[in-house]
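Enquirer: What follows is the residue order along each chain.
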Amino acid sequence: MSAPRRVFALIDCNSFYCSCERICQPELKRRPVVVLSNNDGCVIARSSEAKALGIGMGAAYYKVRDEMRRQGVVARSSNYPLYADISNRVMRVMAEMLPGIEVYSIDEAWGDMTGVADPEALGRSIRERLAREIGMPVGVGISTTKTLAKLANWAAKKWKGTGGVLDLTDPIRQEKLLRLAPVSEVWGVGHRSAAKLTTLNIATAWDLAQFDIGTLRKTFGVTMERTARELRGVSCIGFNEGPPPKEAIGTSKMFGVRQTELPPIREALAAYVSRAAEKLRAQNSLCGTIQVGLQTQLAQVDGPRYANAVTMALPAPTDDTREILALAQRGLSQIYRPGYPFSKCSILLMDLSQRGEMTPDLFAPKPRPGSEQLMKVVDQINQREGRGAVRIGRVPAKPSWAMRREMLSQRYTTRWDEVIGVRG
Amino acid sequence: MPSLSILARGERLRERLLADAADLRITGFQSPAEDEKEEGLSLDRLTGLGAPHIWGVRVLDDTLLGFGIFPGDRLIVNRAASHLDNKLVVVDLGDGYRVRLVQRDLFGGRWLKAADPIVPDVQLDGEEIVEIWGVVSWVVSCVSS
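Top to bottom, those sequences are chains A and B.
The UniProt record's numbering applies: residue 1 is where the first sequence begins, and numbers increase by one.
The UniProt record's numbering applies: residue 1 is where the second sequence begins, and numbers increase by one.
Keep in mind that a hint or two might mislead.
Okay, the calculated bits of chain A under chain B, using three or more residues with CB under 8 angstroms as the criterion [unchecked claim]:
id, segment
1, 86-95
2, 199-210
3, 406-417
Okay, derived cross-link-like pairs now, EDC-like style, lysine to aspartate or glutamate, Cα gap no bigger than 20 angstroms in a straight line [unchecked claim]:
id, chain 1, residue 1, chain 2, residue 2
4, A, 29, B, 61
5, A, 51, A, 96
6, A, 29, B, 92
For the record, the hints were derived by calculation from the structure and aren't laboratory data.
Even glycine gets a Cβ: it sits at the ideal position worked out from N, Cα and C.
Sequences are here, hints too, so could you generate the full structure?
Expert: What follows is the structure, given as structure tokens:
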């Protein structure tokens, strides 16, 4: 007996950040919505009505603000605690309904539908459940390879007649869609390669699938070859076993306001190091080397510009916030220059190893007593009471350098005093 | 928020804060109770909180007193429930989420009744489509403060 044919589904949320805002603020359902990046810099998510009004992805907020106000568009600062919670709910419903899922990003997941009798019906019931229980609209694309499933998902969203679900397991329907789909919509084909493909007379996904595989490999490399094979229905990209632990962990954020003095920058660095060390401990790693960076706004042509970074080795691999921060502050002293309007500092933890994987160095300085337990307690308290409940003394509760988030909605799903309000 | 400095007194903190995580074990004489041990009470398990379809909401004012629900009460809402008759439901009537009681009339039609009898009933299966956001399954009320 041969193994059943692989069937993949790609399920992705429509305008995810905007949809999250709408779930908790029903008055937004009837208005166009956009969500802004950190520091309220630019537009990073648009509801379909906002797209129709011509608000561009990545548009600078200060440039489109007045126009948006005139059109009645509502803007929100990015509320990541809310998005993370809603994403988690969505993924858990999918995991419950599918034999297997692979979470691909905050708003999309691959589903394993191999052996499912009626994939389209399953796709529809997933879509209905997510709409009812969470209020999240999704599109579902189903096919025999990941690349085809992704293309089916694109089509499911584009053509209303599909009802948001498109089963593309049948080769005849596959060919129909491939002939319609522009090559730029194929997963893995970027802007630049799309332009290059056009010069080879490849305009649709069908053209790419039919093109000579050898030529594709020679001109574009194995990734494009794999894409073309996948479009022909040959599955080359399987399910991941889950991503390996990260090899470097970084935290860097723009300051809400430019900073010239050292003390507030030291505070920001302490906050970023705390967060990075938390991530380090969450994946059970130790770090051996760190890099501290500091820069002014480099895009600004007029005005003084400066950027520098320093890489330093820790005396022994550690995950103790205090050890890492002490070294990072020394690094900051080395690269700080007075008088510049700094816009960003960053910390990168590198040279990571898993706890217990390395033989400890006999001659390295002994770790602080109880360090491991203390960090565990700190992480535990912060998980329960909210990030920053226990923090390094240098980090203030309301920092002057904090990101601008003037249109931030409440943490509707993670704080009892901020949950959705109801009346009689 | 008061700030707290981190001191290297890990052991003492561990004793005081990790007691629930680190299971306390009898090291001397064993008791048969050890074999019969059960998990403690959990409001999460009772109410289903933590499941993707269970949501928490907060009562903003005293307009639900007629249902015995007080301002500041937290409601646990089940968004997967489908039986609505004689249940309190959360609906979006166009001006934010509201709590209503679903009742059938003599002819089987379903109506949304407000806690305050002055508020007119709204027909559930009428011309205008009313979306049921969820069914209230628990009321969490603090009575000691």
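Enquirer: Could you run down the list of hints and mark each one as holding or not?
Expert: Each hint tested on the structure:
1. 86-95: Answer holds; 5 residues pass the 8 angstroms Cβ test.
2. 199-210: violated (count 0)
3. 406-417: holds (count 3)
4. A:29 to B:61: violated, 23 angstroms
5. A:51 to A:96: With Cα atoms ~33 angstroms apart, residue 51 of chain A and residue 96 of chain A exceed 20 angstroms; violated.
6. A:29 to B:92: With Cα atoms ~10 angstroms apart, residue 29 of chain A and residue 92 of chain B stay inside 20 angstroms; holds.
Hint compliance for this structure: hints 2, 4 and 5 are broken, all remaining hints hold.
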